[in-house]
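Could you put the whole structure together from the sequences, leaning on the hints where they help?
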Amino acid sequence: MTEETIKAPAKFDFKDTETLLRYLDSQGKLYSAKRTGLSSRQQRQLKRAVKYARTLALLPYAG
Amino acid sequence: MNNNQYIYQAMFLLDNGEVREQGFNAMREWVKSTLEKHGATVKVLRLWGERPLAYPIGGRARATYLLGWIEGTEKTVSKAKHEMYLLGPVFRNMFLKEEEIPADELELGIEVMKDEDVKALDDTPIVESLFEEEEEEAEYKPAPEGEETKAAPEGEAKKAEGDASAETSSTEAEAAKPVEAAAATTKTEEA
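If you're matching them up, the sequences are chains A and B in order. For the first sequence, the working numbering assigns the number 386 to the last residue and increments by one with no breaks. For the second sequence, the working numbering assigns the number 203 to the last residue and increments by one with no breaks.
Hints were generated in silico from the structure; no laboratory data involved. Do not rely on the hints blindly, as some may be mistaken.
[What the hints assert, rightly or not] No more than 35 Å apart at the CA atoms, straight line, and that leaves these computed lysine-lysine pairs for DSBU-like:
#1 Lys352(A) <-> Lys126(B)
#2 Lys44(B) <-> Lys131(B)
#3 Lys126(B) <-> Lys338(A)
#4 Lys55(B) <-> Lys357(A)
#5 Lys93(B) <-> Lys131(B)
#6 Lys109(B) <-> Lys49(B)
#7 Lys126(B) <-> Lys44(B)
#8 Lys131(B) <-> Lys374(A)
#9 Lys91(B) <-> Lys109(B)
#10 Lys374(A) <-> Lys109(B)
#11 Lys49(B) <-> Lys330(A)
[Said to hold, decoys possible] Residues from chain A shown here face chain B by an in silico Cβ test under 7 Å; the list is partial:
#12 Thr378
#13 Leu379
#14 Ala380
#15 Leu382
#16 Pro383
Every residue gets a Cβ at the ideal spot worked out from N, C-alpha and C, and that includes glycine.
Here it is in structure tokens:
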């Protein structure tokens, strides 16, 4: 991969919006695992954290 | 629904207007008493922050976030959620099952704060601007759109008819030209 992958934290926390925002595009959509370079388990953790953050209005819904 | 005890991480979104009116400590006490009333043990309940919402919820643009760590059964959480949905200043909440309470959170415990230290900002201007936009849209909606939509196809149809007639007339004229030319040649031959 030519693009630099972001160093993932040990655990994704829904309160850490700064970290989560690095995995979202300008529309608020989550990058694919191919682009984030995360393992499938980490990608699932990230997905859940983003969903929790969206529920609490910490992050916007895509659109 | 089982009666096993679980540790939950909970987040509550408090209405800024009520926090301003009644004070942060009163709001936190209400949340704490609601949880304890249904049998949950509140280990930690503290202010997480006052911040703008990523999207408006019920006309609100900002909220005061309250973070809690509690111990209780699924039933107690469900009942507390239901009560918070119907009553009180909490307009959104979330409970997540966790394995343990972090040590740094336990140290904080039930944080005592002065009401003056919690600045719940007024978010009414953004709500007003939202209503203004709606009014503008409502004013814009009536008659002109309908007329335009109706008028447009008619105009187009007329144009299309006009184009078609122009095409036919030009073709007729083109067809007539050779006939006239042929008649002229016959006349000259006769002469």
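How the hints compare with the structure:
no. : hint                    : result
1   : Lys352(A) <-> Lys126(B) : violated, 39 Å
2   : Lys44(B) <-> Lys131(B)  : holds, 21 Å
3   : Lys126(B) <-> Lys338(A) : holds, 24 Å
4   : Lys55(B) <-> Lys357(A)  : violated, 40 Å
5   : Lys93(B) <-> Lys131(B)  : holds, 26 Å
6   : Lys109(B) <-> Lys49(B)  : holds, 20 Å
7   : Lys126(B) <-> Lys44(B)  : holds, 17 Å
8   : Lys131(B) <-> Lys374(A) : holds, 28 Å
9   : Lys91(B) <-> Lys109(B)  : holds, 16 Å
10  : Lys374(A) <-> Lys109(B) : holds, 15 Å
11  : Lys49(B) <-> Lys330(A)  : violated, 44 Å
12  : Thr378                  : holds, 6 Å
13  : Leu379                  : holds, 6 Å
14  : Ala380                  : holds, 4 Å
15  : Leu382                  : holds, 5 Å
16  : Pro383                  : holds, 4 Å
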